[in-house]
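**Student:** For the sequence shown, the working numbering begins at 103 and goes up steadily by one.
Take these hints with a grain of salt, some might be off.
[Claimed, not checked] With a straight-line cut-off of 30 Å between C-alpha atoms, the simulated DSS-like cross-links for lysine-lysine are:
#: 1; residue 1: K141; residue 2: K215
#: 2; residue 1: K156; residue 2: K121
#: 3; residue 1: K166; residue 2: K192
#: 4; residue 1: K192; residue 2: K153
#: 5; residue 1: K153; residue 2: K121
#: 6; residue 1: K141; residue 2: K131
#: 7; residue 1: K118; residue 2: K192
#: 8; residue 1: K131; residue 2: K156
#: 9; residue 1: K185; residue 2: K153
#: 10; residue 1: K118; residue 2: K131
#: 11; residue 1: K166; residue 2: K156
#: 12; residue 1: K156; residue 2: K105
#: 13; residue 1: K215; residue 2: K131
#: 14; residue 1: K141; residue 2: K111
#: 15; residue 1: K156; residue 2: K185
#: 16; residue 1: K118; residue 2: K153
#: 17; residue 1: K166; residue 2: K141
#: 18; residue 1: K166; residue 2: K215
#: 19; residue 1: K185; residue 2: K215
#: 20; residue 1: K153; residue 2: K141
#: 21; residue 1: K222; residue 2: K192
#: 22; residue 1: K222; residue 2: K153
#: 23; residue 1: K111; residue 2: K121
I should point out that these hints are in silico values taken from the structure, not numbers from a laboratory.
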Amino acid sequence: MNKFEWEGKEYELAPKTLKTVRVIEAAEKAPSMIESYRKQWELVNEALGDKVAKEILGAQTIEKVDVVRLTLVYNGVILAYEKPLREMRKAQETELLDSPVFDAVRDTAEQVKIIENAGKSIK
103 MNKFEWEGKE YELAPKTLKT VRVIEAAEKA PSMIESYRKQ WELVNEALGD KVAKEILGAQ
163 TIEKVDVVRL TLVYNGVILA YEKPLREMRK AQETELLDSP VFDAVRDTAE QVKIIENAGK
223 SIK
């Protein structure tokens with residue numbers, strides 16, 4: 103499960119489904135700021151549940167929410183959903199960098215530096 107952290111507390115997020123992706127896409131492509139905020143509100147409520155979302159946002163309705171806080175929470179939710187994928191990519195990159203192929207490239211680069219330095223000292 104994805105976890106969302108806010109002000110020292112950890113909350114469990116609902117699974118990221120196609121419905122969730124559609125709401126994110128609608129928020130990002132909204133024709134107006136008001137529509138974007140409505141979609142952000144929708145995502146935060148869907149991801150965290152109405153009760154938790156309203157507690158974190160400090161508002162019972164979108165008309166009373168601090169839109170800066172709403173956007174910060176919205177962005178945090180998106181980052182929390184993406185975290186497992188970022189961690190997986192990072193692990194894959196680390197594994198790739200530790201491969202024999204990259205070891206050989208590093209060795210070759212070191213040899214080139216030695217040859218360049220030797221050439222400079224001859225001049």
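**Student:** Hint by hint, say whether it matches the structure.
**Tutor:** Against the structure, the hints:
1. K141 x K215: 55 Å, violated
2. K156 x K121: Status holds; Cα separation ~20 Å.
3. K166 x K192: Outside the cut-off at roughly 40 Å; violated.
4. K192 x K153: 34 Å, violated
5. K153 x K121: Within the cut-off at roughly 20 Å; holds.
6. K141 x K131: Given pair K141, K131 holds - Cα atoms ~10 Å apart, limit 30 Å.
7. K118 x K192: 21 Å, holds
8. K131 x K156: Roughly 24 Å separates the two Cα atoms, so the pair holds.
9. K185 x K153: 24 Å, holds
10. K118 x K131: 19 Å, holds
11. K166 x K156: 11 Å, holds
12. K156 x K105: Status holds; Cα separation ~17 Å.
13. K215 x K131: 50 Å, violated
14. K141 x K111: 24 Å, holds
15. K156 x K185: 24 Å, holds
16. K118 x K153: Holds - the C-alpha atoms of K153 and K118 are around 19 Å apart, at most 30 Å.
17. K166 x K141: 15 Å, holds
18. K166 x K215: Distance of about 63 Å is beyond 30 Å: violated.
19. K185 x K215: Violated, because 39 Å separates the two Cα atoms, which is more than 30 Å.
20. K153 x K141: 17 Å, holds
21. K222 x K192: 39 Å, violated
22. K222 x K153: Given pair K222, K153 is violated - Cα atoms ~70 Å apart, limit 30 Å.
23. K111 x K121: Since the Cα atoms of K111 and K121 sit roughly 26 Å apart, the hinted pair holds (cutoff 30 Å).
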